[in-house]
Amino acid sequence: MDENVIEIRGLWTVYGDAVVHRDLDLDVRRGEILSIVGGSGTGKTTLIRQMIGLERPTRGTVRIFGEMMDTADVSHLAAIRNRWGMLFQQGALFSALTVFENIALPLQEMRTLPEDIIADLVMLKLDMVRLSPGDAHKMPADLSGGMIKRVALARALALEPELLFLDEPTAGLDPESCESFVSLIRALHKALGLTIVMVTHDLDTLFELTSRVAVLADQHVIAAAPVKEVIGIPHPFIKQFFLGERGQRAMEVLREYPFIV
Amino acid sequence: MALQEAPFRGILLASMHHAMPQLVRDTGDRGTTFRAGGDWIVQTLSVRGRIDALQAEANADHVAPEQASWDLSGITRIDHLGAQFFWNLWGRRRPARLTLGRGQEAFFDRLHHLGDLRVPEAPRQHFAWVIALGIGLFGFLDHVIGFIRLIGQLVLDIVRLLRNPRRGPWTEISAGVFHAGAQALGITALVGFLIGVVLSYLSSQQLRLFGADIYIVNILGLSIIRELGPLLAAILVAGRSGSAITAQLGVMRVTEELDALLVMGIPHGFRLILPRVLALGLAMPLVVVWTDAMALVGGMVSAKITLGLSYSFFIDTLPNVVKPANIWIGVCKGGVFGMLIGLTACHYGLRIEPNTSSLGQGTTASVVTAITIVILADAVFAILFKNVGI
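Quick note, the sequences are listed as chains A and B, same order. The working numbering numbers the first residue of the first sequence as 24 and each following residue consecutively. The working numbering numbers the first residue of the second sequence as 74 and each following residue consecutively.
Possibly wrong hints are sitting among the right ones.
Listed next, the stretches of chain B that the computed footprint assigns to chain A, with coverage defined by at least 3 CB atoms under 8 Å from CB atoms of chain A [unchecked claim]:
#, segment
1, 112 to 125
2, 428 to 440
So these bits of chain A aren't anywhere near chain B, every CB distance computed over 12 Å [stated by the list, open to error]:
#, residue
3, E30
4, M91
5, S118
6, T121
7, I140
8, E183
9, E185
10, F260
Read the hints as simulated data drawn from the structure, not as lab findings. Glycine residues also receive a C-beta, built at the ideal position from the N, C-alpha and C atoms.
Extracted from the complex, chain A is given alone in its bound form (with noise of 0.2 Å):
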């Protein structure tokens, strides 16, 4: 298989009258974790939506594995969606159900799989993300920010797949469980060999996992590197970003983890 699991050509979105990419290229290779940065409005989150086909690009290519996602047909695509998985913002658990059903629910809908054999999934994803058995029968309302998160991730992991998209996936959450699930993240990175796509504003969780960065600015990617090296770019929004105050505050934690980046 190719070296790229995604990759992006060329890819324009418009809105009325506002460009929000201009011809942008994108490269995600296989094992890596890279993070999408950007000021407010870059269309980060879009662009990820449009990875995954939620939304269409005004102009340019999309290929996932290989296939081109405004051309592959219906059950095609149906196929590739089982191939990865996503992590909302907001956790988007299905509020009527119990955390069990949650995590249950992509593998019960293959409608071939042995009931016992999903359950047994279920726990071990639920141990997985470090939850408790006894959390199986709660409800998405009764649960913490931090565990809605682990029980998303939980979810998106059901069907096993090669590729996660993490959007903020620490955002909302205080220090400490933003720091056990940034440790979550890379020992499921680790154990699972996945492909990790994310978006994210916090620092922190950049430095700790990212092994690529790629920089939205000027209405595509500036630059798509190492964080050591994107840093040494001479550009008004890395310097800002990077080399502000928050961004030496965060760089504490280079020096602590060295071997990440």
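Following the hints, put chain B in place on chain A, whose structure we already have.
Just chain B now, kept in the frame of chain A:
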């Protein structure tokens, strides 16, 4: 004995990139050996019938699968579904003779580490029906108390409005009158007209038997103005505006807008409930008059066709046979019904919990309860005014 490629239904396309999972059984002198190959992943195992076929193959010769030797080194790709399948086959432990390929160790380690973790049973309750009865009873009491409290709050808010009318939520009230009144004119006109036609047609059939044709005016006038008009309008408004109010307040609960209002020191009663209840109380009498008029027109048209009663006769006779008191009773009913619908809708709207099913149930309960309360109130009106206007 390999599992042959059968023309499986299901996701054939997915299988193009994957090798189908295979399980080969060798029965030698030293016992049974299973050799597995192919891809043991969700995409290949979820093909219809696949898991059953593999299970049947593993259990084919009366040897318990965990007693056999297993060689999984031929498997190209495995995921947790595949690993779990083997694990369950082996009775949830590692068989004595097992050969694993590269990278497979981790999956079975994880399962081994997980141990015999089962889904905890939801706690079972004895005397469930007693508990259900109790919950139902207390729930009902809770609703009654909540409703009485809501009425009390509304009275206090009305007093507050009368004391300082300039600071009242007039924009909201006028918007409410527009939504519940002006926008309901079309549907109430249609339903009113058709009911008038049907009622007039059926009554005229009977009246003609007795030669009492002209009494059609009495029957239509009294029943529509006193009973049917207000009731029809109330049912339609409960369905339109009651459900809208409940859903609106419910979504405000879900999005924490209700809490935001409280934090800003803006009370729900004065800003949300009062304008809605007052708007319905104002709009409903008007809708009732409109519905009455449309139903009478429908009845008149039908009477002209079936009985040959002229329009001028109908219009001349109407004021003589229907006392003005009936109109006042009808209009008052409209106002009361409107406020009851508004109160019920707000009551249920504020009780919605932040999840999707509660929103659906709350809206349904709101409309059903509003209609029930309206009919109960109608019965009370009938008893109170039994000597008036007839």
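Verification of the supplied hints:
no., hint, verdict
1, 112 to 125, "holds (count 10)"
2, 428 to 440, "holds (count 3)"
3, E30, "holds, 17 Å"
4, M91, "holds, 15 Å"
5, S118, "violated, 4 Å"
6, T121, "violated, 9 Å"
7, I140, "violated, 6 Å"
8, E183, "violated, 4 Å"
9, E185, "violated, 10 Å"
10, F260, "holds, 32 Å"
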